[in-house]
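Make the full structure from the sequences, and use the hints.
Going by the numbering used here, the sequence shown opens with residue 1, and the numbers climb by one from there.
Hints are supplied without guarantee of correctness; some may be wrong.
Claimed, not checked - Taking CB as the label site, the calculated pair distances span:
no., residue 1, residue 2, range
1, PHE108, ARG34, 37 to 45 Å
2, GLU3, GLY83, 41 to 49 Å
3, VAL7, GLY61, 17 to 25 Å
4, GLU28, VAL68, 15 to 23 Å
5, SER30, LEU90, 37 to 45 Å
6, THR44, THR6, 24 to 32 Å
7, ILE45, ALA65, 15 to 23 Å
8, MET33, PHE96, 32 to 40 Å
9, SER5, LEU26, 13 to 21 Å
10, SER32, SER5, 37 to 45 Å
Keep in mind the hints are simulated off the structure, nothing from the lab. Given the structure is predicted, the values throughout are model-derived calculations rather than measurements. Glycine included, each C-beta is placed from N, C-alpha and C at the ideal position.
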Amino acid sequence: MFESSTVAWTVLLISGAFEAMWAAALGESSWSMRKRVIVFTVGTIVSMGGLYLGLTVIPVGAGYAAWVGVGAVAALAYSALRGRERLTLLRLFFVFVLIAGIVGLGVFS
1 MFESSTVAWT VLLISGAFEA MWAAALGESS WSMRKRVIVF TVGTIVSMGG
51 LYLGLTVIPV GAGYAAWVGV GAVAALAYSA LRGRERLTLL RLFFVFVLIA
101 GIVGLGVFS
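See the structure below:
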């Protein structure tokens, strides 16, 4: 499907960010039900579609782990920006470990 694994990784990482979009919609009780459903639906379709496309080239274990990791980092960042998560030095350290793991999976896959 893709001419290079670089394009597949790019699609996979972008779709991982959309994973955080649908996760955020689940936690936004201040939004109207309609807005939550729309954001959840769009986020899910883009996220799962990108995962599917990326995994046509990238090994499933590495690709899925990177997709989940990107979603987790993006969801944490969103939650911290909204003032719902506290970012301590220890938590930031582990976020950077997670990011390093995602980069490592991309480089060595």
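Status of the hints after comparison with the structure:
| no. | hint | result |
| --- | --- | --- |
| 1 | PHE108 - ARG34: 37 to 45 Å | holds (44 Å) |
| 2 | GLU3 - GLY83: 41 to 49 Å | holds (43 Å) |
| 3 | VAL7 - GLY61: 17 to 25 Å | holds (20 Å) |
| 4 | GLU28 - VAL68: 15 to 23 Å | holds (21 Å) |
| 5 | SER30 - LEU90: 37 to 45 Å | violated (29 Å) |
| 6 | THR44 - THR6: 24 to 32 Å | holds (25 Å) |
| 7 | ILE45 - ALA65: 15 to 23 Å | holds (22 Å) |
| 8 | MET33 - PHE96: 32 to 40 Å | holds (37 Å) |
| 9 | SER5 - LEU26: 13 to 21 Å | violated (32 Å) |
| 10 | SER32 - SER5: 37 to 45 Å | holds (41 Å) |
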